[in-house]
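Enquirer: Each chain, letter by letter, is given below.
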Amino acid sequence: APLTDTVPPQVVPGADSSSRQLCFAWGPAEVLVCETLFGRAGGSRSRCLAGAGAAARALTDSIAGTEDGAPSSSRVFVIRRDQDIYIQTLRKLFNESHGIFMGLQRSEEELAGKSRKAQLVQVSKNYRSVIRACMEDMHQAAVSTRDPALQGQYSTQVSILSAMELIWNLCEILFVEAATAGPLLLRLLDWVRLHVCDVDSMVREVLSSESPSKHKLFWNVVDVFVLQGRMDEARHLLSKEASANPTSMNMYKILDDLMKKMPVPSLSNTQTLTELELKWQHWHEECQRYLQDGTFASSPHMESICKILLGDEDAILEKKELMTTWYHFLVTRLLYSHPTVKPMELRFYAQSSMDLFLGGESSPEPLDMILMAAFEFEMHQVIKECSIVLSNWWFVAHLTDLLDHCKLLQSHNLYFGSNMREFLLLEYASGLFSHHSLWQLGVDYFDHCPEYGRVYLELHIERIPLSTEQKALKVLRICEQRQMHEQVRSICKIMAMKALRNNRLGSALSWSIRAKDAAFATLISDRFLKDYCERGCFSDLDLIDNLGPSMLLSDRLTFLGKYREFHRLYGEKRFPEAARLLLTLMTAHIAPCSFWMTLLTDALPLLEQKEVIFSAEQTYELMRCLEDLTAGNPDKQKFQDDDIETTKVEMLRLALARNLARVIVKEGTVEGS
Amino acid sequence: AMEDVSAKFVSQKISRTRWRPLPAAALQPPDVFATGSWDNEDNRISIWSAGDLVNAGLNGEYHGEPHLLCDIQHNGDVMDMQFLDQERIVVASSTGTVTIFRHHQNNQTLSANHRWEKAHYHVDQDTSCGGAACTGVVCNNPEIVTVGEDGRINLFRADQKDAVRTIDNADSSTLHAVTFLRTTEILTVNSIGQLKIWDLRQQRNEPSQIFSLAGDRVPLHCVDRHPNQQHIVATGGQDGMLSIWDIRQGTMPVSLLNAHEAEMWEVHFHPSDPDHLFTCSEDGSLWHWDTSTNVSEKPSFLHQGGRSTAYLSHSTINQSVMSAWLSNDPTKDRMEITNLIPNQTLSVNSLDVLGPCLVYGTDAEAIYVNRQLFA
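Heads up: the protein sequence lines correspond to chains A and B, in order.
Position 609, counted from 1, in the first sequence is what full-length UniProt numbering calls 609; the numbers after and before it change by one each time, with no gaps.
Position 12, counted from 1, in the second sequence is what full-length UniProt numbering calls 12; the numbers after and before it change by one each time, with no gaps.
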C-alpha cells in the first residue's frame with residue numbers, strides 16, 4: 001500500500017471525542033461524523049475515527065460545515081478530503097488544466113519518437129504555466145488584501161504553488177524530457193535560475209544603483225551570477241569594476257578570459273561529449289595554473305571566483321547564503337566539476353550535496369525528500385511523498401497522468417484494483433464532484449478512468465442537486481451521451497415528479513416522454529382525464545393537441561390524444577367522423593373501462609342531432625357497449641344506488657332506441673343502402 | 001483568427017454574456033460587456049472592460065485581456081440577461097425574481113435598481129417557497145417581457161411596480177426563451193418544440209399563431225428574429241438543430257440545419273449584418289453561419305437604409321427580396337459555416353455579437369472576446 005502506510009491520523013477539530021463517542025458514515029467524497037449519546041465513559045474509543053480517516057487516505061480533513069442543534073445536542077461534521085478544491089483562486093487552475101488534460105488524452109500516440117516527446121514536454125510546460133499564472137493571481141490577491149489572516153492564507157498558497165512548480169519542473173527535466181548528459185546540466189541550470197528567487201531583489205538593487213561597483217553587495221551579485229553559471233552577466237558587471245581599477249586591469253582581463261572560454265554543453269549535436277570533456281579539461285588546467293601562480297592573490301574576491309570555477313567545494317560552500325538551497329549547491333557543483341553528468345549519476349551527487357549543505361545542522365524537509373526522490377529517479381516515491389504533503393489531489397493526479405502517458409508507470413499495479421494513475425484521477429475527480437460548481441470538470445476525468453470511472457460517475461451524478469430544468473438538462477446530456485439509462489430514467493422521473501407537484505402537467509409529460517417512461521405517462525394522462533371529468537374541459541390543450549408520435553408512448557396517452565381529437569371534431573361539427581372515432585375508442589378498447597360511461601354520455605348529443613349520425617350497425621354497437629358496461633361491471637351496485645347514474649343509463653337507452661328507430665326509417669327509405 | 005481572441009478565467013461558470021449597447025452615433029467598437037454566472041454558491045453580475053483601447057478614434061483597437069470593472073452578488077442562477085439601455089441591465093433569476101441592475105459608470109459600481117420578487121412562481125406566489133425559474137427576458141425600453149418554467153408570460157414596464165400584464169399558464173410546458181417580433185408582439189419557444197406568436201394588445205390569453213416542429217417534438221431553447229426581415233425567425237433545439245422559420249407561411253420550419261451535437265443555448269443574427277448568424281451549444285462549439293457569399297451573387301432588388309453600418313464598411317447590408325436564409329437547399333446556396341472554438345470540451349452557454357466583436361462564456365469558467373470577427 002504505497003499511499004496509505006504513512007498517513008498520520010486526523011483529528012476532527014471541534015468534535016468532543018473526550019466525552020462522546022463519534023460515529024461516521026461514508027459518502028462519495030466526504031465522511032459524515034457525528035457525536036453520539038453513547039460512550040461517555042471515556043474517550044478511548046473515539047480514536048477509531050482517526051483510524052478511519054487514515055484509511056480514507058484523508059490528507060487534509062477539514063470541517064466544511066457544522067449543524068448546531070440545542071446546546072447539548074450532537075453536531076454533524078462534514079469531513080472533506082480535498083481541501084484545496086474550495087479555494088476560489090485555484091478554480092482557474094482546475095479549469096485551465098482540465099483543458100490541457102483533455103488535450104493530452106486526445107493526443108493519443110499519433111506521433112512517434114521525437115515529436116511525441118516534444119509534444120509531451122509541451123503539455124508539461126502548459127501545466128506549469130497554469131501553475132505560474134495561478135501563483136501570480138494569488139500573489140496579487142495577497143498584495144491587495146488588507147485582511148492579515150487572508151494575506152497569510154494567500155502567501156501560504158503562493159509557497160505551495162511555487163513548490164509544486166519546482167517539483168513539476170524537475171520531473172519534466174528528468175522524466176518527461178529525460179535529458180541526457182550535457183543538455184541535462186543546462187536544463188538543471190535553467191531550473192535553478194527560475195526558482196531561486198531569494199537573491200533577485202539584491203541583484204536588482206545593485207544593478208539599479210548609481211554606481212554598481214561601489215555598492216557594498218557588488219561582489220555578492222557577481223558571485224550569484226557565477227554560481228548560477230550566468231557568465232555574460234557576471235563579466236558585464238566585472239568590466240565595470242575593472243574600468244574603475246586600472247591598476248588591476250590585467251587580473252580582470254585574465255579572469256574575464258577564463259570566464260569567456262569556459263566550455264559549456266550545447267543543445268545542438270555539433271560537439272560530442274568527448275570533445276567537450278577534452279576542452280573542459282584544458283580549461284580546467286588553465287584555471288588551475290592561474291590560481292597556483294597567485295595571479296589573483298591580491299584580490300580575495302577574484303581568487304574565490306577562480307576557486308569556484310575550479311569546482312572547489314569549500315569555496316562554493318562558503319557562498320551558502322547566496323545559494324539558499326542544497327539543490328542550487330548541487331547544480332553549481334555539477335557545473336564546475338561534472339558538466340557531463342549522466343542522469344543515473346545524479347543520485348550520488350544529490351545525496352552528498354544535501355549532506356554537505358545541511359551539514360547536520362538541520363534535517364531535510366518534505367520538499368527536500370521529494371526532490372531527492374526525483375534525483376534518485378524514484379518516481380513512485382515522488383508521487384507518494386507529494387500525496388502526503390500536499391493538500392490537494394490535483395498535483396499528483398495530473399503529474400501521474402502525464403508520466404503514464406510517457407509510458408513510465410506501466411509496471412506498477414496497486415493491490416486495490418486499478419493502476420495508480422486511475423486511482424489518483426478518481427480521487428481528484430471525486431473531490432471535484434463534491435464541489436458545488438466544479439462537478440462538470442469531474443465528468444471528463446472519470447471518462448478517462450477505464451476501470452472504475454463509469455461506476456464512480458454513476459454514483460456521483462445521481463447526487464447532483466437538480467435546482468433548475470436547465471441544470472437537469474445538462475446532467476441529463478452527460479448521462480445520455482454515456483448511455484447511462486438508469487440515471488436518465490431517474491433524472492427524468494425526479495423532474496417529472498417535481499413538475500407534477502407544481503401542477504405543471506405539460507412539463508411533467510415532456511419529461512416522461514424524454515425518458516420513454518410509459519408508466520409515468522399513463523399516470524399523468526390519468527391526471528388530465530380526471531381534471532377533465534371534474535371541470536368538463538381540458539387544460540393544457542396546446543400540449544395535448546400536439547402530442548405527435550409521442551402519443552404512442554402509453555395506451556392511456558393514446559386515448560387522451562384521441563379523446564381530445566373527438567372533442568375537436570365535435571367542436572368543428574364534423575359529427576360523422578366524431579361519432580366513428582368515439583365508437584372506435586370503445587370497441588377497439590383504447591378507452592379504459594372506467595371512462596366508458598363518460599364516452600357514452602358524450603354520445604348523447606350526437607344521438608339527439610336533427611340529422612341521423614350513427615348508422616344502425618353503429619347504434620347496435622353502442623347498445624352493446626352500454627349493456628357490457630352495466631351488466632359486466634363488478635360495481636353494478638353502484639349504478640343501482642346512484643340515481644343520477646341510473647337516470648343516465650335510462651336516458652341513453654331511450655336515445656339509442658329512438659336513434660335506432662330513426663335510422664331504420666332513414667336507411668329503409670334510401671334505395672339500396 | 002485565433003490570435004484576436006483573448007480569454008480570461010474568471011472562477012465562475014458563465015451563463016450569460018452581453019455587450020453594452022452603443023450610443024446611436026457611436027463609431028467605436030463596443031468596449032464594455034456584462035456577464036452573469038450560474039451554479040455557484042455565490043452568483044454574480046459582473047461588468048467588464050473588453051481591454052485597453054489603443055489609438056482612440058475610428059481605427060481604435062483593443063488589446064489585452066478583459067478586466068473587471070465592478071460586480072454585484074445575485075440571488076440564484078442568472079438564467080438570462082438583457083441591457084435595457086446604456087446603464088440598466090435586466091436579469092432573470094432561477095428563483096423567479098426579475099431584477100434591474102444599474103451600472104454607475106462614474107464610480108464603477110452596480111446596484112439593484114428595481115426588483116420584481118417571484119415574477120415567476122409555482123402554485124402560489126405568496127408561499128415562502130415555490131419560485132419558478134425565470135428562463136428568458138427581453139427588453140424594448142421601457143417594456144420588459146419575461147417567461148419561465150411556470151409557463152407564465154409577464155409584461156413589465158421599467159417604471160412601474162406591478163406587472164402591466166400577466167398571462168398565467170400561457171404554456172403548459174416550460175417556456176425557454178422570448179424575443180420581440182414587433183413592438184406589440186412577442187415570440188416564445190417551449191419544451192415541446194413549439195414557436196408561438198403572442199399579440200400583447202389582445203386580451204385573449206391565447207397565442208395568435210402556433211408553429212411546431214414535425215416528428216419528435218424536440219424542445220426549443222433559443223429564438224432570434226432577423227433584424228430587418230421580421231418574418232425570418234431562427235430557433236435552436238435540444239438536438240442542436242438550427243431551424244429557420246418563415247412566419248408568413250406554413251406551420252413548420254423552412255429549413256433545418258445541423259451543426260451542433262447537443263443543446264443549442266443561444267442563436268443570434270448579427271444585428272447590423274444579418275447574413276451572419278452565430279450559435280453556441282452544450283457540446284462546446286460556437287458556429288458562425290455565413291450566407292453573405294451567396295447574397296452578393298444575387299441581384300439586389302431592394303435596398304433599405306437606416307441602420308448603422310459604421311464599423312462594417314466592407315459589407316454593406318444587402319437585402320434581396322429572396323433571403324438566403326429562406327432557401328430550401330442551404331448546400332446549393334453555399335452557406336459557409338465555421339466552428340470558432342475547436343477543442344473546447346465544456347458548454348458554451350452564451351454569446352453576443354455587436355459590430356466586429358464577439359463575446360462568449362463557458363462552463364469552463366472562462367470568458368472570451370473576439371474583436372475581429374470579419375477579419
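Since the hints were made in silico from the structure, they are not lab data.
Glycine residues also receive a C-beta, built at the ideal position from the N, C-alpha and C atoms.
One should not assume that every hint holds.
[Unchecked claim] DSS-like, lysine-lysine: derived pairs with alpha carbons at most 30 Å apart:
#, chain 1, residue 1, chain 2, residue 2
1, B, Lys8, A, Lys125
2, A, Lys260, A, Lys214
3, A, Lys530, A, Lys562
4, B, Lys161, A, Lys92
5, A, Lys240, A, Lys214
6, A, Lys125, A, Lys342
7, A, Lys530, A, Lys498
8, A, Lys498, A, Lys573
9, A, Lys114, B, Lys161
[To be verified] The calculated label-pair distances, taken between Cβ atoms and stated as ranges, are:
#, chain 1, residue 1, chain 2, residue 2, range
10, A, Thr324, B, His67, 31 to 37 Å
11, A, Arg106, B, His67, 52 to 58 Å
12, A, Arg501, B, Met252, 56 to 62 Å
13, A, His338, B, His67, 46 to 52 Å
14, B, Asn107, A, Arg116, 25 to 31 Å
15, B, Asp199, A, Glu667, 47 to 53 Å
16, B, Asn107, A, Met202, 39 to 45 Å
17, A, Arg568, B, Leu155, 27 to 33 Å
18, B, Pro227, A, Thr156, 49 to 55 Å
[Unchecked claim] Some, not all, of what chain A presents toward chain B, calculated at C-beta under 7 Å:
#, residue
19, Asp368
20, Gln440
21, Gly506
22, Val665
Enquirer: Honestly, which of those hints from before does the structure not fit?
Expert: 4, 8, 9, 11, 12, 14, 19 and 22
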